[in-house]
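Asker: Listed here are the chains, written in short residue letters.
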Amino acid sequence: LNTQLDLFWTFVKIGAGTFGGGYAMLPLLERELVEKRQWITQDNILEYYSVGQSTPGIIAVNVSTFVGYHRSGVFGAIISTLGFVLPSFFIISLLASIINQLDQIPQAQSVLIGIRVGVAALLAQTLLSFSKKSIKDISGLFIFLSVCVVAWFVPISPIWIILGVAVLGGPWYWIRKKLKTHRNTPGPKPPTKNQTNQTQEER
Amino acid sequence: VIYLQLYWEFFQIGLFSVGGGLATLPFISAMAQRTGWITQQRIVDMLAVAESTPGAIGVNLATYTGWTLANFFGGVVATLGLITPSIIIIILIARILQTFESHPTVRYTFQALRPGAFGLITVAAVGIMVAVLFPWGSDQIANGFGIDLPRMTLFLIVFFMMLRLKTWHPVWFILFSGLVGYLVF
Numbered sequence: 001l002n003t004q005l006d007l008f009w010t011f012v013k014i015g016a017g018t019f020g021g022g023y024a025m026l027p028l029l030e031r032e033l034v035e036k037r038q039w040i041t042q043d044n045i046l047e048y049y050s051v052g053q054s055t056p057g058i059i060a061v062n063v064s065t066f067v068g069y070h071r072s073g074v075f076g077a078i079i080s081t082l083g084f085v086l087p088s089f090f091i092i093s094l095l096a097s098i099i100n101q102l103d104q105i106p107q108a109q110s111v112l113i114g115i116r117v118g119v120a121a122l123l124a125q126t127l128l129s130f131s132k133k134s135i136k137d138i139s140g141l142f143i144f145l146s147v148c149v150v151a152w153f154v155p156i157s158p159i160w161i162i163l164g165v166a167v168l169g170g171p172w173y174w175i176r177k178k179l180k181t182h183r184n185t186p187g188p189k190p191p192t193k194n195q196t197n198q199t200q201e202e203r
Numbered sequence: 001v002i003y004l005q006l007y008w009e010f011f012q013i014g015l016f017s018v019g020g021g022l023a024t025l026p027f028i029s030a031m032a033q034r035t036g037w038i039t040q041q042r043i044v045d046m047l048a049v050a051e052s053t054p055g056a057i058g059v060n061l062a063t064y065t066g067w068t069l070a071n072f073f074g075g076v077v078a079t080l081g082l083i084t085p086s087i088i089i090i091i092l093i094a095r096i097l098q099t100f101e102s103h104p105t106v107r108y109t110f111q112a113l114r115p116g117a118f119g120l121i122t123v124a125a126v127g128i129m130v131a132v133l134f135p136w137g138s139d140q141i142a143n144g145f146g147i148d149l150p151r152m153t154l155f156l157i158v159f160f161m162m163l164r165l166k167t168w169h170p171v172w173f174i175l176f177s178g179l180v181g182y183l184v185f
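Residue numbers (this note's numbering), protein chains in the order written: chain A, 1 to 203; chain B, 1 to 185.
A hint or two may mislead.
Claimed, not checked - Examples of chain B residues toward chain A, derived with CB under 7 Å: (1) 11; (2) 96; (3) 120; (4) 123.
To be clear, the hints were calculated from the coordinates, so they are not data collected in a lab. Please read these numbers as outputs of a predicted model, since none were measured by experiment. Here a beta-carbon is modelled for each residue, glycine too, at the ideal position from N, C-alpha and C.
Kindly produce the complete structure, drawing on both the sequences and the hints.
Answerer: Here it is as C-alpha cells:
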C-alpha cells in the first residue's frame, strides 16, 4: 500500500506542477520519476510518450496511466491518474465557483472581455506553433484542409470526422508507402477522397 | 440523470480526442452547441482558466464544464468520464507495448489523425476568435464590418507580444489582457 500512496502523491505533485498539457509535463516526469525516484528510465518516458500519442485520449493522462501501470499494475494505473487530475480538480472547482458568479458584476465584465480577447490571441499563437508540428507533408495538408472545410460547413460531430480520417487517411498513408517502395508497380486504387491528393503526390 | 449524461459525453471525448492540450476543445464546443449546456462565451472563460492554472488543459476543461453544469459532483463525473477510456486502453495495450506503436496500422492511422485533429482544433479556435472579435455577429456588417476595433487592437498587441516573448507563461498574457480590459472596456 505504501507504494501506491507514494505513487498517488507523486502524481498529485506532477499534476500540480504541470501547466498546459502533454509536453509541459515532460520535465516534471523526468525530475520526479527518473532522477529522484528512479522508478523508470529516460527511455521509458520517451516510449510512454510515443504510445500516449498513438492512443486515444489526452497525452498527459495516457502517460500517467502508463507509469502507474508499469509501477504497480491496474490499481497503480488508476491511482496515478486520479492523483494527476486531483489538483486540477480542486483548483478549477474553486475558480469555477467564483468566476461563474462574476457575470453579475459590471467591472468584472470588462475584465472578462479583456481576458477573452487575450485567450483569442493565445489560440492564434497556439495554432501557429502547432501547424509546424502537425502538418508534415502534402497528404497531411490535404487532410487538414478537408477536415477544416467539413468541420466548418457541416454540422457533424467531431467523432465522425476523426473516424473518417482514420478510415480514409490511415489506408492512404499505407498505400503511399507502398507506392514509394515499388515505384514501378502500380499500387492499389486509393479511396476516392484522396484521389486528387494522389495526383499531387505523383507529380 | 445529468451525471450519467455528463459521464457519457466526456467518456466519448476521452475516447476520440487525439493528442494533448487543446485536443478536447472541438469536442467540448460541439457538445455545447448540441446540448446548449454552456455558451460559447463560457467556453472562452473556461479556456482562460484552464490555460492559467496547473494541470492538463483537457482535464481542466472537463472539470470546469462539469462544475458549470452540476457543481462539485458534475466536475468529478466529467473528469472521471474523460480519463476512463485512457485508463482502459492503456492497461490493455501496456502488455503489448513493444509491438503496438510500431505496428503499421497504428502508425499510418495516427499519421493521418494528427493533421486531422489539428484541423478540428483550428475550426474550433477560429470559431472562438470570430465570436470574440466580431461580437455583434455577421449581420452587423454596416458597423465597420462588425469588427470591434478596441478588441482587435488588443488582440493584435497580445498576439505580437506572444511572438516576441515566447518563454513567458500564458498566464501573464491573460492577466495583462484582463487588466487592459478593466481599464479600457
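Asker: Evaluate each hint against the coordinates.
Answerer: Going through the hints against the structure:
1. Interface hint at residue 11/B: violated, since its Cβ lies 11 Å from the closest Cβ of chain A, which is beyond the 7 Å cut-off.
2. Taking 7 Å as the C-beta contact cut-off toward chain A, the hint placing residue 96/B at the interface is violated, the least distance being around 10 Å.
3. Because the smallest distance between the Cβ of residue 120/B and any Cβ of chain A comes to about 5 Å, under 7 Å, the interface hint for this residue holds.
4. Interface hint status for residue 123/B: upheld, as the beta-carbon distance to the closest one in chain A is roughly 4 Å, under 7 Å.
In the structure shown, a violation is registered for the earlier hints numbered 1 and 2, in ascending order.
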